[in-house]
Amino acid sequence: MPWMVITGFILVWELICLIFPIKTFILPAPHVIVQSMITWWPQILENSGQTLFTTVVGFLIAVAFGLAGGVVIGSSTLIYNGFYPLLIGFNAIPKVAIVPILVLWFGIGTVPAIITAFIISFFPILVNVATGIATVEPELKDVLRALGASNRQIIMKVGLPRSMPYFFASLKVAITVAFVGSIMSETVAANVGIGALMMAAQGRFEVPLVFAGLIATAVMGIMLYVIAETIERRVIGWATRGINGPGSV
Amino acid sequence: MAFVELKDIWLRYGGAEGTLALKNASMSVRDGEFVAVVGPSGCGKSTLMKAVTGLWPPTRGEVTVAGKAVKGPVGIVGMAFQNSVQLPWRNTLDNIMLPLEIVEPHASRLHAHKSDYVAKARELMGLVGLTGFEKRYPWQLSGGMQQRASLCRALIHDPKLLMLDEPFGALDMFTREELWGVLQDLWMARKPTVILVTHDLREAVFLADRILVMSARPGRFVAEYNVPFPRPRTLETTYLPDFIEITHMLRSLIQSARQDAA
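Chains V and W are the protein sequences, given in the same order. In terms of the working numbering, the first sequence opens at residue 18 and continues consecutively. In terms of the working numbering, the second sequence opens at residue 9 and continues consecutively.
If you are wondering where the hints come from, they were derived from the structure by calculation, not from laboratory data. Among the clues, some could well be false.
As the list claims (entries may be wrong) - Restricting the straight-line Cα-Cα distance to at most 30 Å, the calculated cross-link-like pairs of lysine-lysine (DSBU-like) are:
hint	chain 1	residue 1	chain 2	residue 2
1	W	Lys128	V	Lys189
2	W	Lys31	W	Lys168
3	V	Lys174	W	Lys143
4	V	Lys158	W	Lys15
5	W	Lys15	W	Lys168
6	W	Lys79	V	Lys174
Pulled out of the complex, with its shape left as it was, chain W reads as follows (with noise of 0.2 Å):
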């Protein structure tokens, strides 16, 4: 049974005679699978994101989530992005505990639960190596840190589905790498179903257990992979031949999407 679910769906951005991002996308995740998308530039993974959250309506076609269609945002689903955007107001623990104050049940529980929510921030801060950073403010935070802040504060409510886009973009290459890892455990222990939109495609294989490849714009989904390694992976597994063929093998298929286009 598919949680998420997207049928021929086209979107089209400002009015008829507007840029069409998505053209006869069709994609189906199952309940608890890592999904990576990956595709040339601007072909239209961030526009996928806003599709499947309900941010934005697709001009055709029907998007489902969790057996509904999705009229409207979803409220399930936990969303980081390569900018972190933490409040600079508030500090780590407050930022990571802000979906609690809107969600329900949890924006009701929040004021009589204060200690047990809070216990909660501070387990999955400990999960993602933040321990004793909860009253540091975001500016004092370093890139890296901030990313964990933001990866807790998409899971801070359970939600069912996690959408992440580029979250480790504005990374250097061994905070990323680090991050894979925290990422991963973090799936393994909570199983949401995760989309990961990104560029990296080291990044797709090490993490996703099936990976979608995207066309140029206006993006349609052209081919898939499932990675094959077993978990935990750990950085040796990138230095597989399998792996390395894998990337080169999307690197190719990437290449030709961009060909088709031009």
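For reference, chain V alone in the conformation it holds in the complex (with noise of 0.2 Å):
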């Protein structure tokens, strides 16, 4: 089904092309764009290994940050209260504000791309896990409480294994809006990556490889993507227990 709709997408696409005279710096037809990709091939994937690289890090730091910060903050109600309006702040400064400061700090290139996508990335993951850990049931509480339970006994057995349908939630957001993060920032400041090898064909009129990079990256964001999914069926299976789980009795 998915491939139904993609192939269509796409025949759409080719066929508008075809039948109105539109130009190919304005909209260039699919074909265009395989060949352009053919002819590009070596640049796309050396850029593209870029981004990805860049994303995956600035991700990775982002789930370590996300899930510790979580835990800390949905543990206590006086640290949520006290921290989540400075988060929100954060959250609201559009990062294309902040890739400037990077690079005055980090230089252009690797870095900023790596921060960028950390940045957008790590709010999602962060909320996630103290919405989980904050919402355990208070009589799960009292019945661990009541066993002389710690406070870390109460994260590691309940509060930990119930966030993590939200903290799966927030990675499939999350791996897609590091791109977004990574991608911007190589517009702006990178001499390597897609988004710099997106501008730089812009810059030369060559739009089928502008589209190339699109392409490019919407791949890359769905494979990471599925990758998540899949690390998800596995873990918290339990959670989705109405749709693929054994039926109950």
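Relying on the hints, combine the two individually framed chains into one complex.
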């Protein structure tokens, strides 16, 4: 089914380009884009590799900090209330506005791309983990605390496993916005990466190559999304019990 | 010698202007006794549970459990609630064994003596009629089955004190009556001290040795009643004239407690 939709989408696109006289530098037809992809394959591959690298590194840092921060913030109402406004404020800042500052600090290239990917994907992870931990049923907490469980035990036995569905839901959002972050940074301040490639192609009016870059990004995004989803299904099959778990008695 | 003792407990939530939930509440429960606490809605029954288990320290007064003043969570207690709160990522056996991972000395012995503990959990599951459900997940169990699992979890670490907060409140009448029998069997086999908080007067009379009646909020104890029926009690007991008379009398006690508050 997804393949049919994608094929149909490309067919309609091709048809529109055939029927209406749309110039290639406005909207190139799919077959032109494919030609461009073949011509520029080594460059696309190399720059995609760079983008994939910065995205994944930024994303992994975001996972580590998001999990740790989510646990800290979610386990204390005081910290939760204290830090939330600050975090919302940070999240409201357009990340494009941060890139020039990062360039001032770290120069252009890999580091600002990683940091932008990190900043943009950190927030959804943190918020979701914090929510999962903060919303542990009070009765369950009482049962464990009455047994003499420490806060750490409550988080390890209940809070963390319980926040896993939230965590994975956020991973799927985070991995795709991580791409947005790194590519944005590359378009502003880098010589390598898909973003830089697209900016260069645009400067030379090589519009098919710009589109080839977009498609490369989409493919990488889907790839990582699928990986995240596969891990999710392995780890938290219990959360989707109604959909693919064994039936109820 | 009292196993659980409350002396003139006052408990106020949320600072000096907060809700006064308990006022001058005193009670004492003997070792191995089965006590039911009944009272009008919102009378502080659940607060009482928190005070006894050390989850919420009283504002004034002292709680003693097993001869020791309660300063924090007591550890020798098992709890079950109306909502069975099982962990959906654990199967029934692992849910029941959860307290063993926390309470000492079991927690440090669990790894080395896993099979002994599993056998113990299975035995308990057999007593409540859960044999064969070990590998099921909570969402695959009916409400009654979940509540049986909840009882097993409350008892797995051999607590001296069992605190039950309307454990059967969400069940239909037939399942509830069946579980009364299950709980009575468990109690007779192991004789923990039980404090059962309930809205159901028949449940209180069926299960308890002694019934304590609370007033409307701020809660205190206004009456107590010793239940004379021999054990094991059966559903037939609930149709005896005496049984009906006791529930009737409790009903009017609670009615007047409510009116006093109004």
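Do the hints match the structure? See the list:
With a C-alpha separation of about 42 Å, the suggested pair Lys128/W and Lys189/V falls outside the 30 Å cut-off, and the hint is violated. In summary, the hint linking Lys31/W to Lys168/W is supported, as the alpha carbons are separated by about 27 Å, within the 30 Å threshold. For a cut-off of 30 Å, the pair hint linking Lys174/V to Lys143/W stands: about 19 Å separates their Cα positions. Taken as a hint, the Lys158/V and Lys15/W pair is honoured in the structure, with Cα atoms around 27 Å apart against an allowance of 30 Å.
Using a Cα cut-off of 30 Å, the hinted pair Lys15/W and Lys168/W holds, with the two alpha carbons roughly 20 Å apart. The straight-line distance between the Cα atoms of Lys79/W and Lys174/V is roughly 24 Å, inside the 30 Å bound, and the hint therefore holds.
Checked against the numbered hints above, the structure violates only hint 1.
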